[in-house]
Amino acid sequence: MTAPTPLPAQGLSPSTEQIHRHLRHAQRVAERAVALGHHPFGAILVGPDQETVLQEQCNIDSVNHAESTLARVAATNFTPEFLWGCTLYTTVEPCCMCAGTAYWANIGRVVFGMTEAALLAHTGSHAENPTMSVSSRYVYDHGQKPVELIGPVPELEAEFAAQQQRFWASR
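Numbering (the UniProt record's numbering), first residue to last: 1 to 171.
Keep in mind that the hints were calculated from the coordinates and are not lab data.
Hints may be right or wrong, so weigh each one.
Just the calculated beta-carbon pair ranges, DEER-fashion [stated by the list, open to error]:
id, residue 1, residue 2, range
1, Gly37, Pro146, 36 to 44 Å
2, Glu148, Glu128, 13 to 21 Å
3, Glu51, Val73, 16 to 24 Å
4, Glu155, Ala121, 16 to 24 Å
5, Glu148, Val73, 32 to 40 Å
6, Asp49, Met132, 13 to 21 Å
7, Trp104, Val53, 31 to 39 Å
8, Thr76, Ala162, 29 to 37 Å
9, Thr76, Ala158, 35 to 43 Å
10, Asp61, Arg166, 30 to 38 Å
11, Gly124, Asp49, 36 to 44 Å
12, Pro146, Ser170, 39 to 47 Å
13, Ser170, Glu51, 29 to 37 Å
14, Asp141, Ser13, 14 to 22 Å
Glycine residues also receive a C-beta, built at the ideal position from the N, C-alpha and C atoms.
Generate coordinates for the entire structure from the input sequences, incorporating the hints supplied.
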């Protein structure tokens, strides 16, 4: 049996300024989702240079979350080697479905603003948003690839929480 081919480097590490800028971009995508009649979740995919936005995706429905849809489209448009150097940014921690989809798409880094546990605390047990108590950290810790996970980002968490609270209070 031959040893597996090592994964390439995960691209440049994002600076704090880049993390904040890209998370706010994802927040604007989440606002677009609301304008389209969907839940307030958005994601962007940034290239290995930590500057180039390759894709944006807003939430569609309960099985086509922003992050999982973005990861599926990315996997059909970029090589696994290239995606390993990319970063998925999203305001709320990816659920276990989205974390798994990003893992299988070979996206090497995920950055999120607030945890799914915080989302539940801010929105309550809403029938349209039945969160699961399975963190993305748990998903990635049980994989065979070292996906880098950055988050939550305390400096921005209140902004993302307010966006979620406004939306879910109106439902």
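A quick look at each hint next to the structure:
1. Gly37 - Pro146: 36 to 44 Å: holds, 38 Å
2. Glu148 - Glu128: 13 to 21 Å: violated, 31 Å
3. Glu51 - Val73: 16 to 24 Å: For Val73 against Glu51, whose Cβ atoms are near 20 Å apart, the range 16 to 24 Å holds.
4. Glu155 - Ala121: 16 to 24 Å: Holds, since Glu155 and Ala121 (Cβ atoms, about 19 Å apart) stay within the stated range.
5. Glu148 - Val73: 32 to 40 Å: violated, 21 Å
6. Asp49 - Met132: 13 to 21 Å: Cβ of Asp49 to Cβ of Met132: about 34 Å, so the range 13 to 21 Å is violated.
7. Trp104 - Val53: 31 to 39 Å: violated, 22 Å
8. Thr76 - Ala162: 29 to 37 Å: holds, 35 Å
9. Thr76 - Ala158: 35 to 43 Å: Given a distance of about 36 Å, which is inside 35 to 43 Å, the answer is holds.
10. Asp61 - Arg166: 30 to 38 Å: violated, 20 Å
11. Gly124 - Asp49: 36 to 44 Å: At 40 Å between Cβs, range holds.
12. Pro146 - Ser170: 39 to 47 Å: holds, 40 Å
13. Ser170 - Glu51: 29 to 37 Å: Between Ser170 and Glu51, where Cβ atoms are some 35 Å apart, the hint holds.
14. Asp141 - Ser13: 14 to 22 Å: Given range 14 to 22 Å: holds, Cβ gap about 20 Å.
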